[in-house]
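Trainee: Protein chains in written order, with this note's numbering: chain B, 2 to 138; chain H, 966 to 1244.
Check the hints yourself; a few may be wrong.
[As the list claims (entries may be wrong)] In the DSS-like style, the derived pairs of lysine-lysine whose C-alpha atoms are separated by at most 30 Å in a straight line are:
| hint | chain 1 | residue 1 | chain 2 | residue 2 |
| --- | --- | --- | --- | --- |
| 1 | H | Lys1028 | B | Lys35 |
| 2 | H | Lys1126 | B | Lys60 |
| 3 | B | Lys104 | H | Lys1009 |
| 4 | H | Lys990 | B | Lys88 |
| 5 | B | Lys117 | H | Lys990 |
| 6 | H | Lys979 | B | Lys69 |
| 7 | B | Lys16 | H | Lys1000 |
| 8 | H | Lys1028 | H | Lys1203 |
| 9 | H | Lys1028 | B | Lys92 |
| 10 | B | Lys19 | H | Lys1125 |
| 11 | B | Lys7 | H | Lys971 |
| 12 | B | Lys31 | H | Lys1079 |
| 13 | H | Lys1203 | B | Lys60 |
| 14 | B | Lys19 | H | Lys971 |
| 15 | H | Lys1126 | B | Lys35 |
| 16 | B | Lys19 | H | Lys1009 |
| 17 | B | Lys96 | H | Lys1009 |
| 18 | B | Lys69 | H | Lys1104 |
| 19 | H | Lys1028 | B | Lys98 |
| 20 | H | Lys1079 | B | Lys60 |
| 21 | B | Lys19 | H | Lys1079 |
| 22 | B | Lys19 | H | Lys1000 |
| 23 | H | Lys1155 | B | Lys16 |
| 24 | B | Lys96 | B | Lys110 |
| 25 | B | Lys119 | B | Lys96 |
| 26 | H | Lys1000 | B | Lys35 |
| 27 | B | Lys19 | H | Lys1155 |
| 28 | H | Lys1203 | B | Lys16 |
| 29 | B | Lys102 | H | Lys1155 |
| 30 | B | Lys60 | H | Lys1028 |
| 31 | H | Lys1000 | B | Lys69 |
| 32 | B | Lys35 | H | Lys1079 |
| 33 | B | Lys60 | H | Lys1120 |
| 34 | B | Lys110 | H | Lys990 |
| 35 | B | Lys31 | H | Lys990 |
| 36 | H | Lys979 | B | Lys117 |
| 37 | H | Lys1125 | B | Lys31 |
| 38 | H | Lys971 | H | Lys1000 |
The set of hints was computed from the structure by calculation and includes no laboratory data.
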Amino acid sequence: MPPRPKVAESEIHEKFIKGGSGNGGQKINKTNSKVQLTHIPTGMVVTSQATRSRDQNRKIAREILAMKLDEIENGSHSRAQLLLARKQMVKRRAKRKTKAKYKKLDEKKAEENTEKRKQNEPSDRIKDEDEEIIVVK
Amino acid sequence: MQGLLKTLLCALPKSQAAQELRWIKQELPADQWQKAVIDRSHLKPLQYILGTQPFGPLTIRCKENVLIPRNDTEEWCIQLLNSLRGRRLNNILDYCTGTGCIALTLASSASSPKWGNIVGTDINRDAILLANENAVLNKARLMSIPSFEVCDLRKEEIPKKTGSIAFDLLVSNPPYIPVENMNTTAGVEKSVLHYEPWSALVGNLEFYESLCKIIPAIHAESFIFELGYRQQALAVRKNLPDSWFCGVKHDSSGRIRNVVGWRHPRFQYLSELIDERLS
């Protein structure tokens, strides 16, 4: 797996989006802290307001930007695509395993059923005979 | 479940309500959600409900009767930290420390062990207790341990406990909303008006004049104060000796946010914080 992609700080323009009125400081108590990054060479813009912490949002926004750029640059060989491919493979493998497991179980059940039927057949016949006897009476 | 969101929507815009409900659910046990949402719909600050506010790398505990740290304060604190990185500094004094967020952020700097003592002061005893609690809470992230004590800025009281009378840097976020502006028309949020301590909000030139009087008393060589109005920066300039260099800093929304100054050229590096010089 390729390492986590990174973007050079010199290629990033960072902006803190406050929204609402132009007032700030002690007058306003904002609960969210949205971070917007612009990748200067490509003009790509990403934002993050996932957490209450600006510190965390800054890190998350950088991860998103790096991932998106890596995807454009490396396409199917990008970390995100490789991760996705692996995830799908793991899922397929798991599905195959479950399928095989249930197939086996089904086979076992079917086997057991035929055996049961074999055991039940004679008693059925007796019953039939009884019925016949009743009918005859 | 939808009832919770509906309650929040009475008081908050749609996307904010959804986001805050998510945080309430993440950070509080389920049996407290209902009360949290009702309190929030009455505009009680989210930080008083959840009990914390992230501030730079720190988690600051918040309690009623102490001002909640603001994004705008966090912003200049982090910039100040970058300017101070690797610099030699004597003691640092933080006036009107509140939760202690500024003093603690300074103490989280990897450079802070090379500095002198970091001291935070406040007129409010609750703030000093909370600041001490925050020092313990963030212990793992602190590179040095600040001390806190009660001091009245208006009486120009100087902390005694540390024994030091010389401070290289004076920082402060004093109350700066003029009383005539304590209303929604002047842009103060209802939530702030109704729930946060007015003693930490209402003030004007008098606090900056007191800070200027403290500068020579503690032999300060440099300072940075938060403010909300240009007249407050001009008052600082007026009360400083002409030999001091002084300028203002705007925040990322383009609003005037700080006044910064220094006496000796060795603090020239603070000029990277300034975007307009005052002469």
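Trainee: It remains to establish, for every hint, whether it holds in the given structure.
Mentor: Checked hints:
1. Simply put, lysine 1028(H) and lysine 35(B) have alpha-carbon atoms about 24 Å apart, close enough for the 30 Å limit, and the pair holds.
2. Pair hint lysine 1126(H) plus lysine 60(B) does not hold up; C-alpha atoms about 39 Å apart against a cutoff of 30 Å.
3. With a CA separation close to 59 Å, the supplied pair lysine 104(B) and lysine 1009(H) exceeds the 30 Å bound.
4. The straight-line distance between the Cα atoms of lysine 990(H) and lysine 88(B) is roughly 29 Å, inside the 30 Å bound, and the hint therefore holds.
5. At roughly 54 Å between alpha-carbon atoms, lysine 117(B) and lysine 990(H) are farther apart than 30 Å, so this suggested pair is violated.
6. Straight-line distance between C-alpha atoms of lysine 979(H) and lysine 69(B) comes to about 28 Å, which keeps the hinted pair within the 30 Å bound.
7. Only pairs whose Cα atoms come within 30 Å are accepted, and lysine 16(B) paired with lysine 1000(H) is rejected, the gap being roughly 35 Å.
8. The suggested pairing of lysine 1028(H) with lysine 1203(H) is violated, with an alpha-carbon distance near 36 Å, which exceeds 30 Å.
9. With a CA separation close to 48 Å, the supplied pair lysine 1028(H) and lysine 92(B) exceeds the 30 Å bound.
10. With a CA separation close to 40 Å, the supplied pair lysine 19(B) and lysine 1125(H) exceeds the 30 Å bound.
11. With a C-alpha separation of about 41 Å, the suggested pair lysine 7(B) and lysine 971(H) falls outside the 30 Å cut-off, and the hint is violated.
12. For the hint pairing lysine 31(B) with lysine 1079(H), the CA-to-CA distance comes to about 34 Å; that exceeds 30 Å, so the pair is violated.
13. Proximity of lysine 1203(H) to lysine 60(B) is assessed by CA-CA distance (about 42 Å); at most 30 Å being required, the pair is judged violated.
14. Note on lysine 19(B) and lysine 971(H): the hinted pairing holds, with a Cα-Cα distance of about 24 Å set against a maximum of 30 Å.
15. A C-alpha spacing of about 40 Å is found between lysine 1126(H) and lysine 35(B), which places the hinted pair above 30 Å, so the restraint is violated.
16. The suggested pairing of lysine 19(B) with lysine 1009(H) holds, with an alpha-carbon distance near 20 Å, which does not exceed 30 Å.
17. With a C-alpha separation of about 50 Å, the suggested pair lysine 96(B) and lysine 1009(H) falls outside the 30 Å cut-off, and the hint is violated.
18. At roughly 37 Å between alpha-carbon atoms, lysine 69(B) and lysine 1104(H) are farther apart than 30 Å, so this suggested pair is violated.
19. Between lysine 1028(H) and lysine 98(B), the direct Cα distance comes to roughly 54 Å. Violation of the 30 Å bound is thereby established for this hinted pair.
20. Note on lysine 1079(H) and lysine 60(B): the hinted pairing holds, with a Cα-Cα distance of about 28 Å set against a maximum of 30 Å.
21. With a C-alpha separation of about 35 Å, the suggested pair lysine 19(B) and lysine 1079(H) falls outside the 30 Å cut-off, and the hint is violated.
22. Pair hint lysine 19(B) plus lysine 1000(H) holds up; C-alpha atoms about 28 Å apart against a cutoff of 30 Å.
23. This hinted pair checks out: lysine 1155(H) and lysine 16(B) have alpha carbons roughly 27 Å apart, not beyond 30 Å.
24. Of the pairs offered as hints, the one joining lysine 96(B) and lysine 110(B) holds, with about 21 Å between alpha carbons and a cut-off of 30 Å not exceeded.
25. About 34 Å separates the Cα atoms of lysine 119(B) and lysine 96(B), which puts this hinted pair outside 30 Å; it is violated.
26. Of the supplied pair hints, the one linking lysine 1000(H) and lysine 35(B) holds, its CA atoms being roughly 27 Å apart against a limit of 30 Å.
27. Straight-line distance between C-alpha atoms of lysine 19(B) and lysine 1155(H) comes to about 17 Å, which keeps the hinted pair within the 30 Å bound.
28. Pair hint lysine 1203(H) plus lysine 16(B) does not hold up; C-alpha atoms about 33 Å apart against a cutoff of 30 Å.
29. Of the pairs offered as hints, the one joining lysine 102(B) and lysine 1155(H) is violated, with about 62 Å between alpha carbons and a cut-off of 30 Å exceeded.
30. Using a Cα cut-off of 30 Å, the hinted pair lysine 60(B) and lysine 1028(H) holds, with the two alpha carbons roughly 28 Å apart.
31. Only pairs whose Cα atoms come within 30 Å are accepted, and lysine 1000(H) paired with lysine 69(B) is rejected, the gap being roughly 41 Å.
32. The suggested pairing of lysine 35(B) with lysine 1079(H) is violated, with an alpha-carbon distance near 34 Å, which exceeds 30 Å.
33. The suggested pairing of lysine 60(B) with lysine 1120(H) is violated, with an alpha-carbon distance near 43 Å, which exceeds 30 Å.
34. With a C-alpha separation of about 46 Å, the suggested pairing of lysine 110(B) with lysine 990(H) is violated against the 30 Å cut-off.
35. The suggested pairing of lysine 31(B) with lysine 990(H) holds, with an alpha-carbon distance near 19 Å, which does not exceed 30 Å.
36. With a CA separation close to 63 Å, the supplied pair lysine 979(H) and lysine 117(B) exceeds the 30 Å bound.
37. At most 30 Å may separate the alpha-carbon atoms for a hinted pair to count; lysine 1125(H) and lysine 31(B) exceed this at roughly 36 Å.
38. Taken as a hint, the lysine 971(H) and lysine 1000(H) pair is honoured in the structure, with Cα atoms around 14 Å apart against an allowance of 30 Å.
This entry does not satisfy hints 2, 3, 5, 7, 8, 9, 10, 11, 12, 13, 15, 17, 18, 19, 21, 25, 28, 29, 31, 32, 33, 34, 36, 37, going by the numbered hints stated previously.
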